[in-house]
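Let the sequences and hints guide you as you build the complete structure.
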Amino acid sequence: MPVLAREIEKAGIPTVLVTMMPNVADALLAPRVVGVEFSFGHAFGMAGDGAVQGQVLSVALRVLAGASRAGTRVDVDIEWPVPVKEAYRAWQPAEPSPIVAAMLGQRRANPGPGEG
Amino acid sequence: MQVDGYKFLPRSFRSRFEVSPAPGDGDEVFAPFGPRLAGARVALLSSAGLYLKATQEPFDEAGEKANPLWGDPGWRAVPRETAQGELGLMHLHINGADILADHEVALPLRALDALVDAGVVGSSAPTHYSVMGYQEEGLRAWRDETAPAIVESLRDERVDGLILAPA
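These protein sequence lines are chains A and B, in that order. Going by this note's numbering, the letters in the first sequence line up with residues 1 to 116, in that order. Going by this note's numbering, the letters in the second sequence line up with residues 117 to 283, in that order.
Just so you know, the hints here were simulated from the structure itself, not pulled from any lab data. Heads up, a few of these hints could be off.
Claimed, not checked - Calculated cross-link-like contacts (lysine to any residue; reagent style SDA-like; alpha-carbon spacing at most 25 Å):
| # | chain 1 | residue 1 | chain 2 | residue 2 |
| --- | --- | --- | --- | --- |
| 1 | A | 85 | B | 125 |
| 2 | A | 85 | B | 132 |
| 3 | B | 181 | A | 40 |
| 4 | A | 85 | B | 120 |
| 5 | A | 10 | B | 238 |
| 6 | A | 10 | A | 62 |
| 7 | B | 181 | A | 93 |
| 8 | A | 10 | B | 138 |
| 9 | A | 10 | B | 169 |
| 10 | A | 10 | B | 148 |
| 11 | B | 181 | B | 256 |
| 12 | B | 181 | B | 252 |
| 13 | B | 169 | B | 195 |
| 14 | B | 123 | A | 48 |
| 15 | B | 123 | A | 10 |
| 16 | B | 181 | B | 129 |
| 17 | A | 10 | B | 262 |
| 18 | B | 123 | A | 93 |
| 19 | B | 123 | A | 104 |
| 20 | A | 85 | A | 104 |
| 21 | B | 123 | A | 82 |
Remember, it's a predicted structure, so these values are computed and weren't measured experimentally.
Shown next, in the form of structure tokens:
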């Protein structure tokens, strides 16, 4: 996604990335970044929580319009209201994604030391 | 506070996100935002793999299952007026239940409408955008095809700025 933002920005259209992984967006030189410490799949907040969704969107708009240089990053100081272990399980799909399934299959076929 | 990007990530996944720019991507890019926000037109883009259930094809699930290193690089136009319940989701790397229950989680069209009504933003673009965030390494199709097509649409609709939200 940082690459898509950069490609669009190169064409002269300002962008801001609202992301759960602002460290990755920073590393890939996204022009403007808003970090949220939210569970994956929830860039703007919990389902049904219009207040937080509006708050995150407002921050994104301020960064979009107000940043004066590349690499501007603002992290939103809102705690995800679900315990970490519960949230960690909740965002993951019921079935492993194809790439994860393939990796697990390889691991089973070629167990490392102590995995046999 | 500083966001911990690894807070909800399995430890075994971390190394996949310890990244550096690809060759040619090591320079800063920055397009200044010109107008006052209260007079600007803004669009949204989500990578949650959203599509209009009534009129659009889902992103290619079978293709990714056949080739786990590939993800559908296409994009979908989501009209400004799209209502809750009209979007489907094809993204094999997240649990999309909350996004389907409340599209605002990934694509806050109504929240943007509210800020337009309040005079904070000039207007919401007629078209917003969806892609599917899992892509093959190198992102060739996104660079060569998807990004130019989205740029053309943004220009056609005189959009002043784009908010992107990875899923």
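Structure-based check of all given hints:
1. 85/A <-> 125/B: 10 Å, holds
2. 85/A <-> 132/B: 21 Å, holds
3. 181/B <-> 40/A: It holds: about 21 Å lies between the C-alpha atoms, which stays within 25 Å.
4. 85/A <-> 120/B: The hint holds at about 15 Å.
5. 10/A <-> 238/B: 24 Å, holds
6. 10/A <-> 62/A: 20 Å, holds
7. 181/B <-> 93/A: Within the cut-off at roughly 14 Å; holds.
8. 10/A <-> 138/B: 16 Å, holds
9. 10/A <-> 169/B: 32 Å, violated
10. 10/A <-> 148/B: It holds: about 11 Å lies between the C-alpha atoms, which stays within 25 Å.
11. 181/B <-> 256/B: Status holds; Cα separation ~20 Å.
12. 181/B <-> 252/B: Given that 25 Å is the threshold and the Cα spacing comes to 13 Å, the pair holds.
13. 169/B <-> 195/B: Holds, at about 13 Å.
14. 123/B <-> 48/A: 23 Å, holds
15. 123/B <-> 10/A: Violated, because 31 Å separates the two Cα atoms, which is more than 25 Å.
16. 181/B <-> 129/B: 20 Å, holds
17. 10/A <-> 262/B: Distance of about 14 Å is within 25 Å: holds.
18. 123/B <-> 93/A: Distance ~17 Å between residue 123/B and residue 93/A Cα, so the pair holds.
19. 123/B <-> 104/A: With a Cα-Cα distance of about 22 Å, the restraint between residue 123/B and residue 104/A holds, given a limit of 25 Å.
20. 85/A <-> 104/A: 22 Å, holds
21. 123/B <-> 82/A: Holds. Residue 123/B to residue 82/A sits at ~12 Å (cutoff 25 Å).
Violated hints, listed in ascending order, are 9, 15; each of the other numbered hints is respected by the structure.
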